[in-house]
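Asker: From just these sequences and the hints, can you work out the full model?
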Amino acid sequence: MTSASDHLANERTFLAWIRTGIALIGFGFVIAKFAIFLNLIKGTKGVSISSSVIYGEVLIFMGAITIAYGLYSYVEVEKDLQEGTYRSRKLENGIFAGSIIIIALVMSFLLL
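Numbering follows full-length UniProt numbering, with no gaps: position 2 of the sequence shown is 2.
Derived by calculation from the structure, the hints in this document are not laboratory data. These figures come from a predicted structure and were not determined experimentally. Be aware that a few hints might be false.
Derived EDC-like pairs (lysine to aspartate or glutamate); straight-line CA-CA distance at most 20 Å [unchecked claim]:
hint: 1; residue 1: K90; residue 2: D80
hint: 2; residue 1: K79; residue 2: E11
hint: 3; residue 1: K90; residue 2: E78
Estimated spans, in silico, between C-beta atoms of each pair [claimed, not checked]:
hint: 4; residue 1: L38; residue 2: A9; range: 43 to 49 Å
hint: 5; residue 1: N39; residue 2: Q82; range: 51 to 57 Å
hint: 6; residue 1: A9; residue 2: I41; range: 45 to 51 Å
The beta carbon of each residue, even a glycine, is placed where N, CA and C say it ideally should be.
Answerer: Written out as structure tokens, the structure is:
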């Protein structure tokens, strides 16, 4: 039997995923807009797609994926709490962490 504190802890964890995703999305927008701002300062006409815009878009994508995974995790844990069971999510967490690490490594090698 689960208590209210179990459900509330699951909600707090979900909100942490949301907060992290929003931070990544916000940082992505800052990086993408910074390239546009630099073009305005230089006085160049039009907006060229620079590497900053691409890196910003990747961060926005990573933020969206983080929020989606947080929602998936929240729903699955909530289902487990209602059934009175708990299943470890080692595989899902490993896939998520691995994909974020791969994206980060690819992005860091593109900076070189």
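Asker: Evaluate each hint against the coordinates.
Answerer: Hint check:
| no. | hint | result |
| --- | --- | --- |
| 1 | K90 x D80 | holds (15 Å) |
| 2 | K79 x E11 | holds (13 Å) |
| 3 | K90 x E78 | holds (17 Å) |
| 4 | L38 x A9: 43 to 49 Å | holds (44 Å) |
| 5 | N39 x Q82: 51 to 57 Å | holds (52 Å) |
| 6 | A9 x I41: 45 to 51 Å | holds (47 Å) |
Of the hints listed earlier, there is not a single one the structure fails to meet.
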